[in-house]
Amino acid sequence: MSAQVAGGSLSGAFFALLRRDLLLAFRRRTELLFPVIFLLVVISLFPLGIGPSPQLLARIAPGVIWIAALLATVISLDALFRSDFEDGSLEQFVISGHPLTLISLAKIVAHWLVAGLPIVLLSPLLALWMNLPTESLGVMILTLALGTPILSLIGSIGVGLTISLKRGGQLLSLLVFPLYVPILIIATAAVMAASDGLPYTQFLGLLLAGLITSVTLAPFAAAAALKISLS
Amino acid sequence: MNTKTAKIAKPRKNALVMFIHKMGSPPWFYNFTGKFIPWLWLIFGVLAAWGLYLGLVKGPADYLQGESVRIIYLHVPAAWMSMLIYSTMAVMAFIALVWRIRIVEILAMTSAPIGAAFTIVTLTAGSLWGRPTWGTYWVWDARLTSELVLLFLYLGVIGLYNAIDEPRKAARAACLLSLVGAVNLPIIHYSVKWWNTLHQGSSISLLGGSSIDASILWPMLIVAVAAKFFYAANLLTRARVKLLEQDMRKGWVRDVLKEKN
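Chain order of the listed sequences is A and B. Using the numbering used here, the final residue of the first sequence is 231, and nothing's skipped along the way. Using the numbering used here, the final residue of the second sequence is 492, and nothing's skipped along the way.
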């Protein structure tokens, strides 16, 4: 039963959708780069705006990099369900008989691979620009690796709610930023603790807990939001 | 089969269940609430006048804070209300999503602007109190910050509700958002609290434990109770208007309007 046709089983549907979304993303490579370029531009504005003093930059580096990551994620979030909503594939997914929660999860994972992972991979460069101490670079990368999936997961709920709106993007930032507050606080605290030579593992533990909680709950909320938007 | 129908039919005889069923019907809700809304406004007026008179006129000024202590008669009840209304809204949102009762959807959504207003009152009154007491209008104190985030959550719910044209869909989307916010609110609250203590040691506490005097406490409690009546009266008044607006073309509204004219 489970191994009949690709797309017939739950895992088959999950990976088929993941593959499709990644393929679609890589066919539109320039669009893929927008959030990354946005991230680079925003980060480069900070030294220009507050002065190039290395100590000052090092002090604010965790906050700046994380806030830029939040902004870049929110910018890319709209693409999560938008095209599928507009061409009607989303409705096909709903009537496909597979749980919408699973479909949402596949799309969220694809979104993170496309929009979140590049931020993690770019973070050494960003840390270099912001003069972040090298000993806290590892922690910075870890917080981004654990934190950016949470951003995609929570963001997916906001996207699901605003998808039926023509100009949902502006509202989306209002909906999701308050929900990102704890992640921002914990992640920057971890990096700052590492810079000051203090223990930081408890913060990473909290982020991991947040990741596990949001993986468990957010796809259900996103699916419920999509169902409301499609009704 | 027979036993099953009997089981369903039986609770309907229960007066409370009957009452809840009736409240789900728009005309019944409209007429029933219309009868006691004036009383709610009256009780609110009397309690607010009494509490504010005790606090603002009769009560003594604080020997440390001077006359500015009187701001807390507005600030503290508003702060309590801002949190109480969010939890009330979340509970109603849950009921609205699970049982899809239209009246509850409307009640949850009309709670949001009232709660946001209380949050703004809290922040403004707090700032005005902070200036003479702490020497600054704003500090990133844990309580202030979580109140600010609460305001953003309210604004998100209101924004989403107003952005979607179809009223029931808008209400259900905004209800879901307020539930997501309710799950996150404790996490936000504790992370902000912890963030502040991390950054600047012990934070300034608005009320130092049991150090509050009865001459301040009693007027404050009276105003707090008055605020609850204000919420109930305001909520029901707004909900009735919303109901009329949504059912504009329905027969019962025409009957109501005929009675009025």
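There may be inaccurate statements among the hints.
Claimed, not checked - Straight-line alpha carbon distances no greater than 30 Å define the calculated BS3-like cross-link-like pairs of lysine-lysine that follow:
(1) B:K481 to B:K289
(2) B:K481 to B:K253
(3) B:K424 to B:K253
(4) B:K253 to B:K266
(5) B:K266 to B:K424
(6) A:K166 to B:K400
(7) B:K481 to A:K227
(8) B:K289 to B:K491
(9) B:K491 to B:K266
(10) A:K227 to B:K491
(11) A:K227 to B:K289
(12) B:K266 to A:K227
(13) B:K489 to B:K289
(14) B:K289 to B:K424
(15) B:K473 to B:K400
(16) B:K473 to A:K166
(17) B:K481 to B:K491
(18) B:K459 to B:K289
Honestly, the hints are just simulated from the structure, not real lab data.
Status of the hints after comparison with the structure:
Using a Cα cut-off of 30 Å, the hinted pair B:K481 and B:K289 is violated, with the two alpha carbons roughly 52 Å apart. The straight-line distance between the Cα atoms of B:K481 and B:K253 is roughly 18 Å, inside the 30 Å bound, and the hint therefore holds. A hinted pair counts as satisfied when its Cα atoms are at most 30 Å apart, and B:K424 with B:K253 does not qualify at roughly 44 Å. Proximity of B:K253 to B:K266 is assessed by CA-CA distance (about 15 Å); at most 30 Å being required, the pair is judged to hold.
Between B:K266 and B:K424 the CA atoms are separated by roughly 44 Å; this puts the pair beyond 30 Å, and the hint is violated. For the hint pairing A:K166 with B:K400, the CA-to-CA distance comes to about 15 Å; that is within 30 Å, so the pair holds. Proximity of B:K481 to A:K227 is assessed by CA-CA distance (about 28 Å); at most 30 Å being required, the pair is judged to hold. For the given pair, B:K289 sits about 43 Å from B:K491 by alpha-carbon distance, which is inconsistent with the 30 Å threshold.
Distance restraint check for B:K491 and B:K266: the Cα-Cα separation of roughly 14 Å lies within the 30 Å cut-off, and the hinted pair is therefore satisfied. Proximity of A:K227 to B:K491 is assessed by CA-CA distance (about 41 Å); at most 30 Å being required, the pair is judged violated. Taking the CA atoms of A:K227 and B:K289, the gap is about 57 Å. The hint is violated against a cut of 30 Å. For the proposed pair B:K266 and A:K227, the alpha carbon gap of about 38 Å is over 30 Å, so the pair is violated.
The straight-line distance between the Cα atoms of B:K489 and B:K289 is roughly 49 Å, outside the 30 Å bound, and the hint therefore fails. In summary, the hint linking B:K289 to B:K424 is not supported, as the alpha carbons are separated by about 36 Å, beyond the 30 Å threshold. Distance hint between B:K473 and B:K400 is fulfilled; the C-alpha atoms sit about 15 Å from each other, no more than 30 Å. About 25 Å separates the Cα atoms of B:K473 and A:K166, which keeps this hinted pair within 30 Å; it holds.
For the proposed pair B:K481 and B:K491, the alpha carbon gap of about 16 Å is at most 30 Å, so the pair holds. For the hint linking B:K459 to B:K289, the alpha-carbon distance of about 23 Å falls within 30 Å, and the restraint holds.
In summary, the numbered hints that this structure violates are 1, 3, 5, 8, 10, 11, 12, 13, 14.
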